[in-house]
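> Listed below, chain by chain, are the residues.
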Amino acid sequence: MYDAPSPANRYSSAGMLQASGRSDQRRRSLSAALLALGLIIFPFVGSPFALDLASQVFLASIGSLSLMLLTGFAGQISIGHAGLIAAGAYVVGIMSREWQAPFWLTLPSAAIAGALLGAAFGVPSLRLRGLYLAVSTLALYFIVIYAGGEYEAWRGYATGIMIDSPKVAGMEISSGFAWYFILLAAAVMTLVLCINLLRSRTGRAWGAIRTRETVAEALGINIAKFKLWAFVISSAITAVAGALFAYDRNFVSAEAFSLYLSIQYVAMIIIGGMGSLPGAILGATFVTLFPYAIESAIGMLPDADRYVNALYAMNYAAFGLVTIAFLLFEPRGLIGIWRRLQGHISLRRRKAKPLSGPPQ
Amino acid sequence: MSTLLTVDRIQVVYQRSIIAVHDVSFSVKSGQIVVLLGTNGAGKTTTLRAISGFLGLDDARVSSGTITFNGARIDNLPPYETARRGIILVPERDKVFPNITVTENLMAPVAHNVSRSERTRREDLVYSFFPRLAELRKRTGGLLSGGERQMLALGCALVCHPQLLLVDELSLGLAPIVLEGLMGQLVKVRSELGITIVLVEQNAVAALAVADYGYVLENGHVVLAGSAEKLRGAGRVQDSYLGKSDSGERRGYRDIKRNALQGRFHA
Amino acid sequence: MQLIVNMLVLSSIYALISCGYVLIYRVSRVMNLAQGELMMLGAYLLLTTASLFHGNPEMAIIAAVVLSTTCGVLVYVLLMRKMTGESVLAAVLATIALGILLRGLMVLIWSAQQQYPGQPLGLNSTAIALPGGARISTFAAALVIVNALTYAALFGFLRFGRWGLRMRAAGQNPLLAAQRGINLHAIYALTWALSTMTGAMAGMLIALDSGLTSNLAVLGLKAFPAALVGGLDSLLGTLIGSLIVAAAEILSIQYVDPLLSDVMPFLVLLAMLIVRPWGLFGTREELDRV
Chain A
1 MYDAPSPANR YSSAGMLQAS GRSDQRRRSL SAALLALGLI IFPFVGSPFA LDLASQVFLA
61 SIGSLSLMLL TGFAGQISIG HAGLIAAGAY VVGIMSREWQ APFWLTLPSA AIAGALLGAA
121 FGVPSLRLRG LYLAVSTLAL YFIVIYAGGE YEAWRGYATG IMIDSPKVAG MEISSGFAWY
181 FILLAAAVMT LVLCINLLRS RTGRAWGAIR TRETVAEALG INIAKFKLWA FVISSAITAV
241 AGALFAYDRN FVSAEAFSLY LSIQYVAMII IGGMGSLPGA ILGATFVTLF PYAIESAIGM
301 LPDADRYVNA LYAMNYAAFG LVTIAFLLFE PRGLIGIWRR LQGHISLRRR KAKPLSGPPQ
Chain B
361 MSTLLTVDRI QVVYQRSIIA VHDVSFSVKS GQIVVLLGTN GAGKTTTLRA ISGFLGLDDA
421 RVSSGTITFN GARIDNLPPY ETARRGIILV PERDKVFPNI TVTENLMAPV AHNVSRSERT
481 RREDLVYSFF PRLAELRKRT GGLLSGGERQ MLALGCALVC HPQLLLVDEL SLGLAPIVLE
541 GLMGQLVKVR SELGITIVLV EQNAVAALAV ADYGYVLENG HVVLAGSAEK LRGAGRVQDS
601 YLGKSDSGER RGYRDIKRNA LQGRFHA
Chain C
628 MQLIVNMLVL SSIYALISCG YVLIYRVSRV MNLAQGELMM LGAYLLLTTA SLFHGNPEMA
688 IIAAVVLSTT CGVLVYVLLM RKMTGESVLA AVLATIALGI LLRGLMVLIW SAQQQYPGQP
748 LGLNSTAIAL PGGARISTFA AALVIVNALT YAALFGFLRF GRWGLRMRAA GQNPLLAAQR
808 GINLHAIYAL TWALSTMTGA MAGMLIALDS GLTSNLAVLG LKAFPAALVG GLDSLLGTLI
868 GSLIVAAAEI LSIQYVDPLL SDVMPFLVLL AMLIVRPWGL FGTREELDRV
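Chains as they are written, first to last, in my numbering: chain A, 1 to 360; chain B, 361 to 627; chain C, 628 to 917.
Everything labelled a hint here was simulated from the structure, so no lab data went into it. Predicted model, so just to flag it, every value in this text is computed and none were measured. One should not assume that every hint holds.
The calculated lysine to any residue pairs, modelled on SDA-like cross-linking and capped at a C-alpha distance of 20 Å, are [what the hints assert, rightly or not]:
1. C/Lys-709 x B/Asn-436
2. C/Lys-709 x A/Val-322
3. B/Lys-498 x C/Lys-709
4. A/Lys-225 x A/Arg-199
5. C/Lys-709 x A/Leu-328
6. B/Lys-498 x C/Gly-788
7. C/Lys-709 x A/Phe-329
8. C/Lys-709 x B/Lys-389
9. B/Lys-498 x C/Phe-782
10. B/Lys-590 x B/Tyr-573
11. C/Lys-709 x C/His-812
12. C/Lys-709 x B/Tyr-440
13. C/Lys-709 x A/Lys-225
14. B/Lys-548 x B/Tyr-573
15. B/Lys-498 x C/His-812
16. C/Lys-709 x B/Arg-421
17. A/Lys-167 x A/Glu-98
18. B/Lys-389 x B/Val-570
19. C/Lys-709 x A/Ala-325
20. B/Lys-389 x B/Lys-498
21. C/Lys-709 x B/Glu-441
22. B/Lys-548 x B/Asp-572
23. A/Lys-225 x A/Arg-201
24. B/Lys-498 x C/Gly-791
25. C/Lys-709 x A/Lys-167
26. B/Lys-389 x B/Ser-587
So, partial list: chain C residues that the calculated Cβ filter (under 10 Å) puts toward chain B [to be verified]:
27. Gln-799
28. Val-845
29. Leu-907
30. Thr-910
Here are the simulated distance ranges between beta carbons [claimed, not checked]:
31. A/Arg-340 x B/Thr-480: 53 to 61 Å
32. A/Ala-32 x C/Ala-813: 49 to 57 Å
33. A/Asn-196 x C/Phe-784: 51 to 59 Å
34. B/Arg-453 x A/Arg-26: 47 to 55 Å
35. C/Leu-776 x B/Ala-535: 49 to 57 Å
36. A/Phe-251 x C/Phe-784: 51 to 59 Å
37. C/Gln-881 x B/Ala-471: 38 to 46 Å
Note that beta-carbon positions come from the ideal geometry of N, C-alpha and C, so glycine has one too.
Generate the whole structure from the sequences, applying the supplied hints.
Have a look at this one:
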């Protein structure tokens with residue numbers, strides 16, 4: 001169901017990266033430029049609430065891109081993603097409270113911590129696949145959360161660790177405006193990093209491992225190295241997302257990194273569309289905005305006040321329902337829907353030809 | 361003798377992109393033993409699986425043409441539907457349940473509305489055809505040898521009381537003398553139980569020795585059809601599958617393939 | 628002595644919940660990560676039937692069991708049946724999403740407060756004194772007994788029953804089973820029914836013993852390592868795995884650190900995955916290194 005990227009297929013990521021004709025290239029550059037312009041202008045015209053929403057979407061995108069690399073491209077299932085976010089956040093919390101470390105120390109440290117933890121998460125993947133690998137990541141998640149909880153108990157943080165906003169040249173960065181651009185820049189950098197990774201040898205090796213591990217190994221690809229590499233890189237990025245998360249909220253506590261958060265990230269990559277970078281971003285947008293959509297939908301009901309208490313439960317139920325709906329009816333995710341629409345609208349002569357006649 | 365099974369110009373497509381069977385037609389009369397011959401990749405196994413409904417899990421389907429059994433269409437039905445109608449397939453691989461005993465293997469397929477006495481009768485019937493199995497009642501399926509496993513697979517098929525028995529590559533991994541014995545049992549099954557049999561085989565000699573009628577498949581097409589005698593004598597079959605030429609000398613695979621590509625061929 | 632009693636009770640809880648995991652995995656190779664929520668559903672349904680059959684515990688319990696089993700079958704028919712043949716990640720996420728949906732619905736219907744299903748039925752948890760100065764509550768004792776009976780019944784059913792044989796066959800080779808006329812849909816529906824029923828019984832007994840909150844489902848997740856340690860397709864393994872995990876948990880709470888209670892099962896799980904991924908008694912699958 002989730003096809004491997006193949007150069008011949010226009011709908012693959014590799015296909016998307018290869019421009020097919022100059023008009024294609026020009027059209028793509030134009031839309032990219034428009035998008036960039038829109039993103040830059042947005043903070044000046046949008047409300048603070050919308051700004052905050054957008055920032056949350058950017059932050060979520062970092063995590064979902066990294067999970068997409070790991071699961072969507074390298075084929076390694078992980079449901080412990082929240083553990084890595086927690087790890088990054090805790091690094092910031094510990095370093096800034098214990099040693100007053102500035103952000104230009106904590107962020108790289110978070111990345112390194114993520115990388116090391118990623119290696120730990122990745123070791124089971126050398127022996128396990130599929131369900132068993134997923135379960136091992138689950139176990140590791142619980143262990144990380146336990147460690148965080150122990151730290152909080154040990155240091156007496158009853159309700160969590162408070163963190164000051166990062167300072168640059170003595171100025172505190174805490175405005176929604178500033179964070180919008182910081183998170184936007186972080187998301188863009190992550191996207192660029194992912195694109196480059198996928199174009200490299202590493203990316204191709206991951207594709208091979210994901211589709212046919214036996215064949216990949218027979219072709220001389222060092223499976224162990226690339227699997228671990230996938231975990232390490234993905235976890236490092238995720239930990240940095242966690243660090244940014246900590247600075248954004250000025251707060252770190254084990255409850256913020258529930259299993260539900262892990263599941264939300266997995267839902268992001270599936271709802272967005274497996275094996276697609278734009279899909280990761282679409283999925284992040286969808287899942288982040290979803291609770292707010294539900295809230296406004298409920299607000300429009302006649303007796304809105306009655307439901308306020310049940311809001312959390314409604315979100316939960318609605319999230320479960322929508323995820324199931326996507327799994328049943330739209331397994332290719334939002335990207336799948338988008339490409340179908342494109343297929344209908346587009347009048348391009350060059351269409352993909354999956355049925356190219358009988359093989360000889 | 362009435363026509364039991366008709367396969368009419370079927371085309372089978374894998375994963376919406378690979379055509380494994382282009383255009384195959386043949387029919388099988390009740391009580392016949394029919395063999396489908398051909399080399400690897402000719403589409404024989406695919407055809408058999410299309411008849412028994414085994415295609416689904418490989419993401420394949422019959423995309424055009426029809427398969428008719430006892431007057432009703434059965435193409436693209438799920439496996440247990442075709443099994444209920446009386447078509448049982450003995451597959452090439454994974455033909456027995458590995459972690460249960462021989463007796464349990466034989467009992468599992470029997471439908472729940474069959475009485476206990478009837479069940480025992482069928483089990484004894486299998487042991488009468490394959491006495492070796494009676495000695496192995498308590499052995500788990502995975503521990504049987506190749507020949508024993510094949511016997512068990514055939515036994516499981518018989519226990520379902522099929523009208524049509526499809527056997528895929530019976531000869532794989534079997535010593536010639538064991539194969540001969542099994543082929544002989546198949547003839548007995550036909551004559552004593554009246555079960556129609558379709559065989560898919562690469563071992564043309566063994567298959568043509570027991571079959572009434574045969575079809576030769578190549579690249580998803582039927583290229584030759586005829587009675588078993590006719591096929592045994594046909595130069596083409598002699599060439600491609602038996603490696604004999606008119607002058608009686610043996611020829612290698614390369615020579616045959618080269619000629620096949622160049623020449624026309626005549627039945 | 629009390630420690631041993633606690634270990635016995637906890638392992639019975641884990642075992643009764645886990646036999647659901649094992650049944651479904653053995654027969655259809657699906658990991659039902661919504662088992663915790665389905666277990667909780669049983670407890671909540673008891674709450675409802677308890678107020679319906681005021682003071683009549685037998686009817687209430689039977690009704691709740693029947694309702695839960697029906698829900699299990701519905702889950703298969705409406706959701707899991709359509710997920711057959713999908714990728715591993717999709718199937719896992721489907722059960723997880725189902726769990727989330729169920730949990731949300733349960734809180735919406737019954738609220739998140741602590742509830743006591745025993746009250747309307749006039750059932751109270753009393754303590755029984757045991758030799759060695761240990762105490763066990765009536766419902767905990769009932770749990771141990773029900774667990775033992777359930778496992779005995781399951782062993783017998785799988786080993787000697789007609790449908791049990793078909794379930795085992797379907798688990799080993801579904802395609803072959805289908806071609807031999809075994810109705811896979813019926814088998815899977817039956818499996819989900821049995822699994823939900825046993826889970827619901829566990830949930831009900833736990834709720835009767837110590838009350839019911841919307842957090843009960845967490846036990847389901849903690850019980851999962853018991854199944855894995857024993858071997859996901861082995862009932863005997865799960866029984867033993869539950870003992871091991873429960874023992875580890877109780878002992879670590881007692882002698883090391885109470886906070887370890889939630890994470891201990893997963894430490895044991897991780898250790899098992901490193902040493903012997905298919906568990907103590909499970910069949911060695913395609914887990915081996917390529």
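> Take the hints in turn and mark each one as holding or not.
Now the hints, each set against the structure:
no.: 1; hint: C/Lys-709 x B/Asn-436; verdict: holds (18 Å)
no.: 2; hint: C/Lys-709 x A/Val-322; verdict: holds (16 Å)
no.: 3; hint: B/Lys-498 x C/Lys-709; verdict: violated (37 Å)
no.: 4; hint: A/Lys-225 x A/Arg-199; verdict: holds (18 Å)
no.: 5; hint: C/Lys-709 x A/Leu-328; verdict: holds (7 Å)
no.: 6; hint: B/Lys-498 x C/Gly-788; verdict: holds (17 Å)
no.: 7; hint: C/Lys-709 x A/Phe-329; verdict: holds (10 Å)
no.: 8; hint: C/Lys-709 x B/Lys-389; verdict: violated (38 Å)
no.: 9; hint: B/Lys-498 x C/Phe-782; verdict: holds (19 Å)
no.: 10; hint: B/Lys-590 x B/Tyr-573; verdict: holds (9 Å)
no.: 11; hint: C/Lys-709 x C/His-812; verdict: holds (11 Å)
no.: 12; hint: C/Lys-709 x B/Tyr-440; verdict: holds (17 Å)
no.: 13; hint: C/Lys-709 x A/Lys-225; verdict: violated (37 Å)
no.: 14; hint: B/Lys-548 x B/Tyr-573; verdict: holds (17 Å)
no.: 15; hint: B/Lys-498 x C/His-812; verdict: violated (29 Å)
no.: 16; hint: C/Lys-709 x B/Arg-421; verdict: holds (18 Å)
no.: 17; hint: A/Lys-167 x A/Glu-98; verdict: holds (17 Å)
no.: 18; hint: B/Lys-389 x B/Val-570; verdict: holds (16 Å)
no.: 19; hint: C/Lys-709 x A/Ala-325; verdict: holds (11 Å)
no.: 20; hint: B/Lys-389 x B/Lys-498; verdict: violated (38 Å)
no.: 21; hint: C/Lys-709 x B/Glu-441; verdict: holds (18 Å)
no.: 22; hint: B/Lys-548 x B/Asp-572; verdict: holds (14 Å)
no.: 23; hint: A/Lys-225 x A/Arg-201; verdict: holds (12 Å)
no.: 24; hint: B/Lys-498 x C/Gly-791; verdict: holds (18 Å)
no.: 25; hint: C/Lys-709 x A/Lys-167; verdict: violated (53 Å)
no.: 26; hint: B/Lys-389 x B/Ser-587; verdict: holds (13 Å)
no.: 27; hint: Gln-799; verdict: holds (5 Å)
no.: 28; hint: Val-845; verdict: violated (34 Å)
no.: 29; hint: Leu-907; verdict: violated (17 Å)
no.: 30; hint: Thr-910; verdict: holds (7 Å)
no.: 31; hint: A/Arg-340 x B/Thr-480: 53 to 61 Å; verdict: holds (57 Å)
no.: 32; hint: A/Ala-32 x C/Ala-813: 49 to 57 Å; verdict: holds (54 Å)
no.: 33; hint: A/Asn-196 x C/Phe-784: 51 to 59 Å; verdict: holds (57 Å)
no.: 34; hint: B/Arg-453 x A/Arg-26: 47 to 55 Å; verdict: holds (53 Å)
no.: 35; hint: C/Leu-776 x B/Ala-535: 49 to 57 Å; verdict: holds (51 Å)
no.: 36; hint: A/Phe-251 x C/Phe-784: 51 to 59 Å; verdict: holds (53 Å)
no.: 37; hint: C/Gln-881 x B/Ala-471: 38 to 46 Å; verdict: violated (55 Å)
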